[in-house]
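Listed here are the chains, written in short residue letters.
There are 2 protein chains.
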Amino acid sequence: MTTSNKNSAVQASSLSADELRKLDAYWRACNYLAVGMIYLRDNPLLREPLQAEHIKVRLLGHWGASPGLAFMYVHMNRLINKYGLNAIFLAGPGHGAPGVLAPVYLEGTYSEVYPDKSEDEEGLKRFFKQFSFPGGIGSHCTPETPGSIHEGGELGYSISHAFGAAFDNPDLIVTVAVGDGEAETGPLATAWHSNKFLHPGHDGAVLPILHLNGYKINNPSLLSRISHEELDNLFHGYGWIPHFVEGDDPETMHQLMAETMERCILEIREIQMKARNGGAITRARWPMIVLRSPKGWTGPKEVGGHKVEGSWRAHQVPLSGMHENPAHLTLLEQWMRSYRPEELFDVNGRLIPELKAMAPQGTRRMSANPHANGGLLRRNLRMPDFRNYAQKLSKPAIERAMNTKPLGVMLRDVMFRNMDNFRVFGPDENSSNKLDAIYEVSKKLWLADYLPEDKDGGELSPDGRVLEMLSEHTLEGWYEGYVLTGRHGFFATYEAFVHVIDSMYNQHAKWLAICEHLPWRAPIASINMLITSTVWRQDHNGFTHQDPGFLDVVVNKNPEVTRIYLPPDVNCLLSTADHCLRSYNDINVIVCDKQMHLQYLDMDAAIKHCTKGLGIWEWASNDQGSEPDLVMVGCGDIPTLEALAATALLREYFPELKIRFINVVDLFRMVSAGEHPHGLSDRDFDSLFTINKPIIFNFHGYPWLIHRLAYRRTNHRNLHVRGYKERGNINTPLELAIENEIDRFKLAIDAIDRVPHLQVAGAHVKDKLRDMQIDCRNYAHEHGIDKPEMRNWVWPY
Amino acid sequence: MTTSNKNSAVQASSLSADELRKLDAYWRACNYLAVGMIYLRDNPLLREPLQAEHIKVRLLGHWGASPGLAFMYVHMNRLINKYGLNAIFLAGPGHGAPGVLAPVYLEGTYSEVYPDKSEDEEGLKRFFKQFSFPGGIGSHCTPETPGSIHEGGELGYSISHAFGAAFDNPDLIVTVAVGDGEAETGPLATAWHSNKFLHPGHDGAVLPILHLNGYKINNPSLLSRISHEELDNLFHGYGWIPHFVEGDDPETMHQLMAETMERCILEIREIQMKARNGGAITRARWPMIVLRSPKGWTGPKEVGGHKVEGSWRAHQVPLSGMHENPAHLTLLEQWMRSYRPEELFDVNGRLIPELKAMAPQGTRRMSANPHANGGLLRRNLRMPDFRNYAQKLSKPAIERAMNTKPLGVMLRDVMFRNMDNFRVFGPDENSSNKLDAIYEVSKKLWLADYLPEDKDGGELSPDGRVLEMLSEHTLEGWYEGYVLTGRHGFFATYEAFVHVIDSMYNQHAKWLAICEHLPWRAPIASINMLITSTVWRQDHNGFTHQDPGFLDVVVNKNPEVTRIYLPPDVNCLLSTADHCLRSYNDINVIVCDKQMHLQYLDMDAAIKHCTKGLGIWEWASNDQGSEPDLVMVGCGDIPTLEALAATALLREYFPELKIRFINVVDLFRMVSAGEHPHGLSDRDFDSLFTINKPIIFNFHGYPWLIHRLAYRRTNHRNLHVRGYKERGNINTPLELAIENEIDRFKLAIDAIDRVPHLQVAGAHVKDKLRDMQIDCRNYAHEHGIDKPEMRNWVWPY
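Line by line, the protein sequences are chains R and P. Using our numbering, the first residue of the first sequence is number 1, and each one after it goes up by one. Using our numbering, the first residue of the second sequence is number 1001, and each one after it goes up by one.
Keep in mind that the hints were calculated from the coordinates and are not lab data. Where hints are given, some of them may not hold.
Pair by pair, the computed Cβ-Cβ distance ranges are [to be verified]:
#1 P:D1771 with R:Q334: 54 to 64 Å
#2 P:E1053 with R:I398: 26 to 36 Å
#3 R:D420 with P:H1228: 48 to 58 Å
#4 R:P370 with P:D1771: 41 to 51 Å
#5 P:Y1450 with R:S14: 30 to 40 Å
#6 P:K1395 with R:S227: 55 to 65 Å
#7 R:T611 with P:H1228: 34 to 44 Å
#8 P:E1324 with R:I241: 52 to 62 Å
#9 R:Q334 with P:G1278: 42 to 52 Å
#10 R:I241 with P:Q1011: 16 to 26 Å
Dumping the calculated PhoX-like pairs for lysine-lysine here, alpha-carbon to alpha-carbon at most 25 Å [said to hold, decoys possible]:
#11 R:K196 with R:K443
#12 R:K129 with P:K1787
#13 R:K443 with P:K1787
A quick note: this is a predicted structure, and the numbers were derived from the prediction, not measured. Positions of the beta carbon are idealized from the N, C-alpha and C atoms, including for glycine.
Whenever a hint applies, use it, and build me the whole structure from the sequences.
Here it is, written out as C-alpha cells:
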C-alpha cells in the first residue's frame, strides 16, 4: 500500500489536458452542489429557470471556505487513486461543510448511508433542502457527515485531531484543512508542534493544508497578511517543510496543486520508507501545503459594487434577498449555471460516468474509510485482572497509600497488552501524578533532540507510547482523534487546569450525543480522564491550583455520555478504571488524588461498592438494625476521610448517637432514575438517605453541585452539603479543610446543630471542637505541617 | 523619558569590570534569598552553622526558574537606571517567584508594603519563613507580590498580559519572562502574534525573554530541543527579531545579557522614535531575547550521582531530606555559602550600600511602578448618558429591536470620550454582534499588510482601538493586562465559546478575590463581558454553538467579585452596561442576544427594574391586589418572551387565573442575602415569589443552576425551572424552544399541571397546546422559518 516502495523515485508529474479537464469538472460539480445546498429547496438541476420559490426562505450556511475545501478533496482523490492511498479528510473550518458534503455525495457514500438522499434528481433535491434546515442537518461537518471525525463548529482542534488519527496507523494519510481563522487560535497555534510526536515508522502521516483564503467573518486573517518570508520562516520554525500553492486561476491552480500535493505524498513516502527500512527513527521534517486562494472562489466577483470573491463578504451567503430582488435571483442563476451542471449530471440527475469514475472506490473513498467511523475498527482492550493490583488492607481506614500509584502499574500492564492500540496522555505530569510505572513498558515519546543526561531517568524514547506536552489542548485533541479512529487511551491531568479544555469536553460530549442517534456510527472507546492533583492537596501550589469546578461543566451535558466517579481509595480507583477502560461512547471523569491517603475497602468490598456506585459502610456505621439519627456522607478521598473522622468524634462524645455512614463513588447516583442512566430510584435513595433525618454530605467539589443533582429527593430539605468554597492559599491539608468547613470538627458541629436531641447537650462539645480547630491551625502556622495525630489519624473502632 | 532621543545612536556597551562585579553580587544576593525562602525558617544570614532546625519541615517552592528570573530582573534594573526607563516585569513561570520576590525585597519595596518584613535579620527571617508556608504567601507571583500583575500559577498568559499592559502606555516597557514550558501552551503559542497589534506611536513596548532553561516538571521542553535555526525561524516567522543569550558561565552571561538587553532597548527606542517623529505607522519587528541558561542555575551540580543543575531535577527543591540526611544539610549550607552572603549583607542583615545603590529609585523600581498596581492610575471613564440611546416604546412588548445595536452606539461614545483609556475586544465578531457603530470613532487596529479592498468596509486602521483576533485567549489576556494597569474595556464574545477562557476567568476571579484583602492594591476596573450570539438563536450554527454553561463556571467563584446580568431588552442592557462600566474589582457577565427581540421596558422602567435586579412586571400580571395563583418568571431575552407568551395563553384560556409575572435581570438576586452581596433577603424573596404558589421559572441557561442558587428559599419546593437541556440542531427559534421545553406551550402546560384548580379543566387546553406545538414544528420543517404569527407575536393586553 502506501508503504510499498514502488514509484518512490517518481517525481510529481503534471496533469494531462484530459486529467485537468475532468478534475476541474469534478470540482465544478462540487461547487455547484455547495451552492445548491445553501440556496435551493427545489429545481436542483436547474432544469427550469430559477424562481424565487426554489430558494430557501432563510439562507444559512457558509460559502466562503467551501470551494477551497472541495478543491483539496478532489485533488486528494486523484492521489488516492494514483497511489492506492488510505486517506481521510478533516475540515478544520467545518462551516465550509458544503465543500465536503458535495464530494461525499458525489462519490456515492451519502446515498449509501442515507438512501433517501439518492443519486438522482429527487435525492439531490432532498440533499439540498436538508442542509442547514430545520429537521435536517447542521451546517458544519457534523457527526451525520460520512467520513467526518471533526465537526469544526468550534475552531482550533483540526491539527491535534489529525495527529490523533495518524498515531499507530502506519498506512493512513490524514489530510487536514486548517482555516486561516482557526490558525489564530491558541490550540491550533501550538498543535503545529505535534510533528515532534509523530513516529515515521509506526505512525501514519498528517498532511496539513493551511487554507489562506484571507478572511474570517469580517476581518483579514493574520497569516494571510504577513510576508511570504515570514510565513515560510514560521512553518520552517514549527518544523515543517511548507509548499506554496497560490493563485486564483483554476487551471493554473489545478496544475500547481496536483504537482505540489503529489510531491508531498512522495516526500511522506520517502520519510516513511527510510524509517521503515531500518533507518534511524528521528524527527522528520514533514511536508505541508499553504493554499492561498480567494475566499468564495468561483463565486460572484462583485455584488452591488462590492468585491465579494476574495473578500470577507464571501464568508456566508454572497447573495441574498432573492425573494425581493429579482436581480439577485438572476445573479444566483448565472453563478450556478457557470458550473455548467448540464455537462456534469445525466438525465436522472446522477454524476456522469466519466466523472463518477474519478472517485476512489469502496473504503478508499475518504467518506467511507473505516478510520473515519472508528468504532468499526475498535477492538476491545486486552485487560489484565485489576484485582492483581489490589491494595492489601488489615482492616478499613488503617493503612495509607498513594491512590494513583497502583493505577500506574495497572496502566503499565494495559499498555503492555495493547501496544498498538492504547496510549496514555498527560501534560508533563504522569510522574508527578504517580503513574510512572507505565514507563517500565513504554517511555515518553521523544523525537526532538537528545542530550546525554536524558539517559538518567529521562524516560524518553523515540518509540514511546506515552505522550506528554505542556498543552492540555493538544493532548485532548490527540486523544479524541485517537479514539475517534477506533483506539483507546487514558488522560491524566491536574484538576484545576482541566478547565483549560472545558470547551473541548463540551464539543466532544455534543459529538457523542449526536452519535447516539446515528446507528451507522459504530461505538468508540470512551474518553477516560483522571483528574488528580486535586484541590485538597495543593500544599505548595496554593489558590490558583484549587478548582474542582470541572464537574459543574461535565454535568450539563447529555446524560447518555457523561459519567463522574470519585473513588476514595486505591481499590475503588482500580475497579472504576477497569470499568471505564471497558466502556464506550462515554466521557468518564475520575477524580482521585495522587498523594498518600487512608485506604478503606479491600478489593472485594471495593468491587461491590463501585458496582453499586454508592452505599453504606457498615464498619463505620452504628445504626445497624435501626433508623439512624444522622446520615454522614463522604464523596471524594479527603472529604471521606474528614467525614469518617467526624463520625469517630461524634461517636466518642455521643456513644448513643446512631450514625449511618455512606460513601458515594458514582456521582450520578445522586440524581433520580430517569434523569441519568445511573440515577438511583427514589425508593432506594430514600431507604439509604432516610426521608427525614439530617444528612451531612461532605463533597469533593463545590457544594452546590450536590443540591443541583439531588434537589428533587424526598429528604432534600435535610441535606446539608459541605465542599470547596474558594478559600485557600498555602495550607496544610487539614487547614485547607478547616478554611472551607469540610473538616472533621466542623462536620461534627454541623451534626450537633442538626440532630435535635444533641442541640442542648452538644453546646459544650461544640466549644471543644472549635478549640481543636484553632489548635490545629496554630500548629500548622507554627510548623508548616499538620499535627502528627491528624496526619496519622486512623479509624478507631 | 524613554521616548527622548538622547543616546539613540549609542551602541550597546560592555560592562566594566566593576559593573560586572556589582551586577553579579546583586544577582548572588537574589539567588541567596531565593534559596533561603525555599529552605530556611531561621538563621537567615547563616550567622551560625546551618542546623536541621533552621530548615522548614516541608520544602515547597520551585528553585528551577528562580535564578534565571532574577538574572533578567537585575539586568533590567541596570537599564532602567541607565536610560531612565519606565518598566515593569512579568514572570510567566510564576512558580519561580523566589527569583522575583528576592529583588523586590532587596530594592526595599517589600518592606515598605509589609513593614514586618523589614530589611534586617529579623525581617529577613520572617520573609523567608512566610514563603510558601501556611499562613504566609503563595509560591507564585501572587497578588501579594508588589510589582506583580501576573501570578503565573496557570501557564499561558504572560505575553497577552504584557501586551495589555503596554497598550496606550507609550512610555512603558513591559519585560516579560516566558517559560519554555509555558511556551508549549496554546494561548502562549498564538500570543506571540500580539506584535501585530502594538502601535509603535502610542503604545509602549513589550520585551519578551523566552527562558529556555530546558525542562518542565519531568520533561525537556520542546523549544529547547529543536535546532537553533528552527528557533530563529520560528520567531522571525512570528514577526520578532530574536536575540540569543546562551551559556552557563555567569561572567560571560552577564556580559552577553547586558549587551543584548541594551541592544533591544535601543532597537525599541529606534522603532518608537521613528513612529513618533512622523514616520509611517506600520508593524514593527520588535526585538526579543532567547535566554538559554541552565535550569536551577548556580544550584547544586549533582546530588546523589544525578545531574541537578541544568536538569528537570532542579525544578522544585534540588536538595531535600535535610532533617534525616546530614550530608544534604551540608550540601545546602555549601550551596548557600557559595553566594558569599557575608559580602552582601551588612551586620544588620541589610544589603550593603554599594549594592543597594544599584536598584532603581522610588517608582522606577519595577516592584513599585504604579502600572503594576494599576488601580493607582485608574481614572473613572467619562460616560455619556446612557439614556440617550434609549429604545422608544409605545407600550411594553409591541416593538422589536436588535438588543445589542444601541449598546454599540453607546460604546462608540464611551470610546470617543476615553480615547486613551478604553478599548473594545472581540474575536472577529463585533460586527456580527451588532456593535459596529463603534467603528465610527475608532476602527479595528490593523498593522499587518493592507490590500486595496480594505478601503471598502474593512474598518481597519493602524490607529484603531478595537482589537479583534480569532483567539479568545489572547483577547482576554490583553484585556486583563489592560485593566490590571489601570484602564477600562469591554469584551463581547459568542456565548458557546466563552468556555474557551473558563480557566482564565477562574484565575482572574481568584486574583481579584485575593486583592479584596490587600488594602494597598488600589481597585481596578471590572472586566465586562458581553455574552451574545446566545444558545437560543443559533439558527444556522446549530448544536456546537449552543452552550449557556459559562454561568455555571462563573457562580463558583468568590461572591465578592462575580456578577451576572441577563437584561431582556435594549433599555435594560444599556442600564446594565452603564452600571458595569462604572464598577470596579468585579467580573461582570452580561448575557444578551444580538438578534431582533421584543422590547419590554421604556428607559425609566428599565432603570428601576435593573436597579432592583428583579421585579414584578405589573403590565403583564393580573394579580394586582391579591395573592397570585401562579408566578411566571422570565430570565433572559428569549425565555422572557416565551414566558410572556405563555402568560397570554393562560389568560386567554383561564381569564380568572391570577398570574404574577416576574423578570430577573441580576441573577445573584436569587441567592439569599449573606451569600452574595446582591442576594435578596428571604423576606423580600418570599413576598415576590410567594411561599406556596407554583413558580414556573423560564431560564436562559441550564435549568439546574436556578435550583443551585435558590435551594434555600422557602418556596423552593414549588419552583419549577425550564432551561436549555442540550437538545438542538438547526432549529428555528421557536422550534429550539420547543425542543428544550422552554416554549410558551409547554410553560402553559406546566402551569396547568401545577395550579391545583386547573388540573381537571385544563386537560382539554393541554391537548390544544400540544397541537399548536406540533403545528409550529411542522411549519418550521416545511418552510425553514417560524410561522409569521409566532415571529410577530406581541403582548395582546
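message: Of all the hints numbered above, which does this structure not satisfy? Sort the numbers upward.
response: Hints 1, 3, 7, 10 and 13 are the ones this structure does not satisfy, whereas the remaining hints hold.
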